[in-house]
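Undergrad: Sequence lines, in order, name chains A and B. So the first sequence is numbered by the numbering used here: it starts at 1 and just counts up by one. So the second sequence is numbered by the numbering used here: it starts at 288 and just counts up by one.
Treat the hints with caution; some may be incorrect.
Here are the computed lysine-lysine pairs in the DSSO-like style, where the Cα-Cα straight-line distance is at most 27 Å [claimed, not checked]:
#1 K53/A <-> K153/A
#2 K53/A <-> K177/A
#3 K140/A <-> K116/A
#4 K568/B <-> K294/B
#5 K177/A <-> K116/A
#6 K489/B <-> K568/B
#7 K154/A <-> K140/A
#8 K154/A <-> K489/B
#9 K153/A <-> K116/A
#10 K116/A <-> K568/B
#11 K116/A <-> K154/A
#12 K442/B <-> K426/B
#13 K472/B <-> K153/A
#14 K472/B <-> K154/A
#15 K153/A <-> K140/A
#16 K289/B <-> K568/B
#17 K116/A <-> K472/B
#18 K140/A <-> K489/B
#19 K489/B <-> K116/A
#20 K153/A <-> K568/B
#21 K154/A <-> K568/B
#22 K472/B <-> K568/B
#23 K489/B <-> K153/A
#24 K177/A <-> K140/A
#25 K489/B <-> K177/A
Incomplete in silico selection of chain B near chain A, CB under 7 Å [to be verified]:
#26 E474
#27 W475
#28 T481
#29 E483
#30 E574
Partial list, computed: chain A residues near chain B (C-beta under 8 Å) [what the hints assert, rightly or not]:
#31 L77
#32 P95
#33 F103
#34 S105
#35 A107
#36 M109
#37 F120
#38 A121
#39 S124
#40 W126
What the hints contain is simulated information worked out from the structure, not anything from laboratory work. A virtual CB, placed ideally from N, CA and C, is assigned to each residue, including glycine.
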Amino acid sequence: MWSELAARTPITRSPKKENTMQGFLKIEGLSKDFSTTLPARPVFADVSFTISKGEFVCIIGHSGCGKTTILNVLAGLDSATAGHIFMENREIGGPSLERGVVFQSHALMPWLTVRKNIAFAVVSRWAGWTSAQVNAHVEKFVAMVGLTPAIDKKPSQLSGGMKQRVGIARAFAIQPKMLLLDEPFGALDALTRGTIQDELMAIVRETQQTVFMITHDVDEAILLADRILLMSNGTDNDGVYAPGRIAEEVINPLPRERTRAGLHHLPGYYELRNHIVDFLVTRAKAH
Amino acid sequence: MKSLNLKAGLVSLLIFFTFLGIWYVATLPVSGTPAAGTAGLSAEQIEYQKMMGKDPGSTKTTGFPTLGQMGTAIWKQVSNPLYDNGPNDKGILIQLAHSLARVGLGFLLACVVAVPLGFVIGMSPLLRRAFDPFIQVLKPISPLAWMPLALYTIKDSSISGIFVIFICSVWPMLINTAFGVASVKREWLNVASTLEVNPMRKAFQVILPAAAPTILTGMRISMGIAWLVIVAAEMLVGGTGIGYFVWNEWNNLSLTNVIFAILVIGIVGMLLDLAFAQLQKAVTYVE
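Between the sequences and the hints, there should be enough to build the whole structure, so can you do that?
TA: Here it is as structure tokens:
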């Protein structure tokens with residue numbers, strides 16, 4: 001079946017091959033089962049993939065396929081029923097400052113100003129720093145997302161896009177080895193989303209950050225990702241339950257220096273987009 | 288908005304003066320009938336009636352103080368609030384200080400017990416269920432019902448009063464703290480986890496500020512109840528305090544002083560509530 005898929009489109013390859021490659025982050029045989037009674041009905045099972053250093057990987061799939069659970073397991077906030085995750089050949093056992101998380105709901109503390117929200121993270125990372133050091137670092141990352149004028153405002157005084165920028169600045173400020181983004185732009189309007197996508201891409205390219213991101217937006221995935229994981233939902237087929245899995249890995253063939261405005265003029269863009277949309281429409285649930 | 292406040296102020300004044308007017312009219316001396324009484328009586332008969340407490344020469348009043356008497360009494364108390372003429376005759380400020388000290392001590396003790404305990408109960412679903420039946424049974428008990436037990440075990444009326452304040456303040460604070468801590472948003476805790484924040488810092492810098500508005504609400508309710516209960520408690524234990532003052536003036540049949548004390552209790556209660564409202568405002572955050 002895998003070879004069939006691979007034959008149909010040149011940009012697809014089997015995820016199995018990837019396991020043998022030396023990766024920065026390795027996910028092996030991950031599964032999660034929320035059901036408390038037998039028979040087991042894992043939401044997803046046998047999820048394996050790797051992420052190389054400096055790579056931007058997006059995962060796309062319908063609601064309920066377990067994307068967020070995978071991200072939470074990667075973050076150490078949730079535990080998998082089976083499987084292992086290794087980062088730089090060390091197994092992940094819990095949350096760590098080495099993996100920064102940007103939450104969908106931005107998760108800023110509303111009683112703290114932008115400055116203090118980020119300082120909270122910075123102090124967590126470097127407990128021994130003087131307040132001047134912390135402040136300089138905070139200001140640097142606030143400037144990076146263009147929020148210097150709003151640095152002493154509370155989150156309630158900011159727009160949705162600005163809040164998400166603070167969330168991104170907070171995640172970058174601890175200089176983690178990799179970033180996990182859980183649909184960071186899901187709640188934003190299209191215009192704001194576009195602007196922040198550009199900003200995020202610029203920052204990621206500049207800092208060579210390794211990123212794993214969940215999205216629902218096909219264009220967002222094509223713009224940002226080097227590789228896109230297509231995930232299918234768990235389905236019942238004639239009484240036989242098939243858990244969700246990573247059905248396909250798509251390598252983004254577009255040049256890395258792409259822009260949102262010029263994206264749809266690039267050769268190969270429509271083939272890629274059609275392929276992903278077809279997957280979501282016809283195959284993501286039909287297993 | 289300003290004009291609304293102004294109008295409301297005017298209506299308040301109107302209500303106040305109407306009330307004073309009704310009071311004035313209701314306490315007007317009833318003249319006419321008794322004045323004619325002395326005419327047909329012999330000296331012995333007048334003497335006899337005076338002996339029976341029915342002075343035919345005097346004008347009959349309802350016994351309720353008039354506005355003039357009230358004003359004199361208030362002025363007398365306010366102009367000399369700190370006098371001390373022995374155990375049964377102290378100035379209003381001295382009595383208030385005793386009451387406030389008892390309420391303050393009992394309330395502080397309740398804080399020391401309820402906030403940390405509520406924290407622990409709020410954090411642990413197990414303890415929450417374990418403590419629930421005790422809280423449900425103990426909460427509706429009138430604090431004064433503890434008085435005999437307190438007097439017997441503590442053997443000191445003043446400390447028993449403080450204990451009664453403690454026991455009535457502890458429940459709203461405990462319940463609100465537990466509720467506030469239990470309903471801290473998962474996402475803030477997740478942020479703290481991914482930043483590897485240690486438990487103490489998490490408790491003081493994430494959970495406490497997040498739950499602070501709810502905790503303060505509990506404290507405000509507690510303070511309201513404590514101020515209600517102190518009056519009754521001091522009537523029981525006697526000696527000092529605003530409650531004892533009310534009871535003592537009732538025994539003196541000085542209704543003016545009783546009314547004055549009622550007024551003072553109301554104003555002090557309002558000020559205490561205002562103070563807590565300010566504190567609440569200081570810790571409330573907008574999401």
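Undergrad: Indicate, hint by hint, whether the structure satisfies it.
TA: Hint check results:
no. : hint              : result
1   : K53/A <-> K153/A  : violated (35 Å)
2   : K53/A <-> K177/A  : holds (9 Å)
3   : K140/A <-> K116/A : holds (14 Å)
4   : K568/B <-> K294/B : holds (26 Å)
5   : K177/A <-> K116/A : holds (23 Å)
6   : K489/B <-> K568/B : holds (23 Å)
7   : K154/A <-> K140/A : holds (18 Å)
8   : K154/A <-> K489/B : holds (20 Å)
9   : K153/A <-> K116/A : holds (10 Å)
10  : K116/A <-> K568/B : holds (20 Å)
11  : K116/A <-> K154/A : holds (9 Å)
12  : K442/B <-> K426/B : holds (24 Å)
13  : K472/B <-> K153/A : holds (21 Å)
14  : K472/B <-> K154/A : holds (18 Å)
15  : K153/A <-> K140/A : holds (16 Å)
16  : K289/B <-> K568/B : holds (21 Å)
17  : K116/A <-> K472/B : holds (19 Å)
18  : K140/A <-> K489/B : holds (25 Å)
19  : K489/B <-> K116/A : holds (15 Å)
20  : K153/A <-> K568/B : holds (18 Å)
21  : K154/A <-> K568/B : holds (15 Å)
22  : K472/B <-> K568/B : holds (20 Å)
23  : K489/B <-> K153/A : holds (23 Å)
24  : K177/A <-> K140/A : holds (19 Å)
25  : K489/B <-> K177/A : holds (23 Å)
26  : E474              : holds (4 Å)
27  : W475              : holds (6 Å)
28  : T481              : holds (5 Å)
29  : E483              : holds (5 Å)
30  : E574              : holds (5 Å)
31  : L77               : holds (5 Å)
32  : P95               : holds (4 Å)
33  : F103              : holds (6 Å)
34  : S105              : holds (6 Å)
35  : A107              : holds (4 Å)
36  : M109              : holds (6 Å)
37  : F120              : holds (7 Å)
38  : A121              : holds (5 Å)
39  : S124              : holds (4 Å)
40  : W126              : violated (11 Å)
In summary, the structure is inconsistent with hints 1, 40 from the numbered list given earlier, while agreeing with the others.
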